[in-house]
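Trainee: This is what each chain is made of:
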Amino acid sequence: MINLDSILYVLSSILFIIGIKRLSHPKTARSGNFIASLGMLIAIITTLVSNSTVNLELIAIGIIIGSVIGAFFAIRVEMTQMPQMVAIFNGFGGIASALIAAAEFLNPSEPLLSFSLATISLSVFVGTLTFTGSFIAFGKLQGFISGQPIVFFGQQFLNAIIGISILGLSIYIVLDPEQINIFYLIIAASAIIGIGLTIPIGGADMPVVISLLNSYSGIAASSTGFVLNNNALIISGALVGASGLILTNIMCKGMNRSLANVIFGAVGLEQTTDSGSETKQINIKSYSTEEAAMIFDAAEKIIVVPGYGLAVAQAQHAVREVAEFLAKNGKTVLYAIHPVAGRMPGHMNVLLAEANIPYDQLKDLDEVNNEFEDCDVALVLGANDVVNPAARHDSSSPIYGMPILDVDKSRTVIINKRTMNTGFAGVQNELFGYDNSIMVFGDAKEMLQKLLKDLKEL
Amino acid sequence: MDINIFTVFILAVFVGVEIITKVPPTLHTPLMSGSNAISGIAIVGAIISTKVGGELGTWLGFVAVILATVNVVGGFMVTDRMLKMFKKK
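Those protein sequences? They're chains A and B, same order as listed.
When we follow the working numbering, the leftmost residue of the first sequence carries the number 1, and every step to the right adds one.
When we follow the working numbering, the leftmost residue of the second sequence carries the number 1001, and every step to the right adds one.
What the hints contain is simulated information worked out from the structure, not anything from laboratory work.
Because the structure is a prediction, the values reported are computed rather than measured.
Warning: the hint list may mix true and false statements.
Within a straight-line C-alpha distance of at most 27 Å, the following computed DSS-like cross-link-like pairs (lysine-lysine) qualify [said to hold, decoys possible]:
(1) K328/A with K1087/B
(2) K1089/B with K1051/B
(3) K1088/B with K27/A
(4) K21/A with K1087/B
(5) K331/A with K1089/B
(6) K1084/B with K27/A
(7) K363/A with K1088/B
(8) K363/A with K1084/B
(9) K456/A with K1089/B
(10) K1022/B with K445/A
(11) K331/A with K1022/B
(12) K1051/B with K301/A
Beta-carbon label-pair distances, calculated as ranges [said to hold, decoys possible]:
(13) I182/A with F1014/B: 34 to 44 Å
(14) R418/A with F1014/B: 46 to 56 Å
(15) Q314/A with K1084/B: 49 to 59 Å
(16) R418/A with I1003/B: 57 to 67 Å
(17) S396/A with W1059/B: 49 to 59 Å
(18) W1059/B with G401/A: 28 to 38 Å
(19) F1014/B with S395/A: 34 to 44 Å
(20) V312/A with I1003/B: 45 to 55 Å
(21) D435/A with K1088/B: 37 to 47 Å
(22) I7/A with I1003/B: 12 to 22 Å
(23) I1010/B with E57/A: 52 to 62 Å
(24) F1014/B with Y172/A: 48 to 58 Å
In this text, a Cβ means the ideal position worked out from N, Cα and C, and glycines have one as well.
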């Protein structure tokens, strides 16, 4: 049957698709976001107009409260905290879907068929799991919970038992929907498994986890769409689900890890020191910023490699000033961004864009790697594992096989670090001992400010 | 059981994969926050669940309206805030 509201839902889905399509270029992206928000407005108005029995007062109050909270977060959040915000929002999206499915179960508009009961169970399961999992991820990112993987004996076995129980309970509820307590049990078990699946994952793997939870929030919305037989929910949920899954895949590739390894591997756990005795002694050269300035002065092509350490030191503006000064003196300056340089997909790009660094200077791994061959200076700022050449040749290294930025192929590599501490993967970086490597120790921001001063004095 | 909604779902997944693989890594964070906003489409379901009738269902719908609105408003606003920062030289 064709009626006006289903046409309008299709229109809003089309606007979402066009909106995402326009995200394929920074020039059109902003208008794309606007188009998508227009699609959302159409969907909301359509729903309000076509459902005469809804509680308009409650909806108005809910929308006002939600808008205030949402706007507050959107305006106040620091760009470094974007992963936390996305994590919370994934959680909200998940639990909203679960609540809707629960409402439909407890106060059905028409007698529930087996299919509806099955999709309600799915929606409640995925939605609740997304909610608790997202809050654990948030806690780890924010530092409320240790970034260390939390593991105990029999953990995977316990998770498996809970998972199978949820499946069993769901079948039970489909067969006998009168059992409200069984329904609550599904909610509780889903909440527990959301926590159980997220606590063993280390802080460094959070980019994968939030991408995955992003996907789950979409799947939850989609299954709620099945419950309500609503195409707008099904389509939008599918888009979000696909997006999260693609980003998850990109993050896994960036670390050369399988999704199973991220979820079950508990990587980041303090390793028993089996490599302690065989750690190779590396000889490093430590330079002052004055000496580094002279190297920059003689260089023509410079590639900056920012890592998360740069953002921690709040040095984005300082690096832009140095880069602008160098560019003004006729040098080519590029930025090489590794897929896992930040704390979520594309995070580093946003952090640099915030510091007014033009996006056309930001190059990703595939674009930039052959640029290092004729590069005079690669400036590595707060990055470690993503520039470790051991990933290319040392099969015993934990990061072996991970795609890296080939900074070592540059004539000179200048590495800024606070200390000689190892990176996330806990491995010493052999790059630091290379003949063409120079270390400049210190806080990234202070170092760059001193470097700029020295460059100007030359 | 309606097979059409499965068709819609499967096709939407294909469209999603097709358009999202074209989003460059530079825009992956806005993509995530933007898709957060789009998953706020749950607001449609939330509104429907407040239908006058069931007590508990109405209140669950009310909470869902709040949470989904946070996603919609917060998601679109923060995405716009980020995209504004992307400038060409």
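Trainee: Are the hints correct? Go through all of them and say.
Mentor: How the hints compare with the structure:
1. For the hint linking K328/A to K1087/B, the alpha-carbon distance of about 19 Å falls within 27 Å, and the restraint holds.
2. Distance check on the hinted pair: K1089/B and K1051/B sit about 52 Å apart at the alpha-carbon level, beyond 27 Å; violated.
3. At roughly 9 Å between alpha-carbon atoms, K1088/B and K27/A fall within 27 Å of each other, so this suggested pair holds.
4. Among the hinted pairs, K21/A with K1087/B is consistent with the structure: their alpha-carbon atoms are about 19 Å apart, no more than 27 Å.
5. Between K331/A and K1089/B the alpha-carbon distance is near 15 Å, which keeps this suggested pair within the 27 Å criterion.
6. Restraint check for K1084/B and K27/A: satisfied, since their Cα atoms lie roughly 10 Å apart, inside the 27 Å limit.
7. At most 27 Å may separate the alpha-carbon atoms for a hinted pair to count; K363/A and K1088/B meet this at roughly 13 Å.
8. Using a Cα cut-off of 27 Å, the hinted pair K363/A and K1084/B holds, with the two alpha carbons roughly 19 Å apart.
9. Distance restraint check for K456/A and K1089/B: the Cα-Cα separation of roughly 23 Å lies within the 27 Å cut-off, and the hinted pair is therefore satisfied.
10. About 35 Å separates the Cα atoms of K1022/B and K445/A, which puts this hinted pair outside 27 Å; it is violated.
11. Of the pairs offered as hints, the one joining K331/A and K1022/B is violated, with about 32 Å between alpha carbons and a cut-off of 27 Å exceeded.
12. In summary, the hint linking K1051/B to K301/A is not supported, as the alpha carbons are separated by about 64 Å, beyond the 27 Å threshold.
13. In this structure, I182/A and F1014/B meet the distance hint of 34 to 44 Å, their C-beta atoms being roughly 36 Å apart.
14. A C-beta distance of roughly 47 Å is found between R418/A and F1014/B, which places it inside the suggested range of 46 to 56 Å.
15. Evaluation of the 49 to 59 Å hint for Q314/A and K1084/B yields a failure: the beta carbon distance comes to about 21 Å.
16. Separated by about 60 Å at the C-beta atoms, R418/A and I1003/B satisfy the suggested range of 57 to 67 Å.
17. At roughly 58 Å, the beta carbons of S396/A and W1059/B sit within the given window of 49 to 59 Å.
18. Taking the beta carbon of each, W1059/B and G401/A are about 52 Å apart, not inside 28 to 38 Å as hinted.
19. A hinted range of 34 to 44 Å holds for the C-beta pair F1014/B and S395/A, which are about 38 Å apart.
20. Checking the proposed 45 to 55 Å range against V312/A and I1003/B shows it holds: the Cβ atoms sit about 52 Å from each other.
21. A C-beta distance of roughly 38 Å is found between D435/A and K1088/B, which places it inside the suggested range of 37 to 47 Å.
22. The given range of 12 to 22 Å is respected by I7/A and I1003/B, whose C-beta atoms sit roughly 21 Å from each other.
23. Separated by about 39 Å at the C-beta atoms, I1010/B and E57/A break the suggested range of 52 to 62 Å.
24. Evaluation of the 48 to 58 Å hint for F1014/B and Y172/A yields a failure: the beta carbon distance comes to about 34 Å.
In the structure shown, a violation is registered for the earlier hints numbered 2, 10, 11, 12, 15, 18, 23 and 24, in ascending order.
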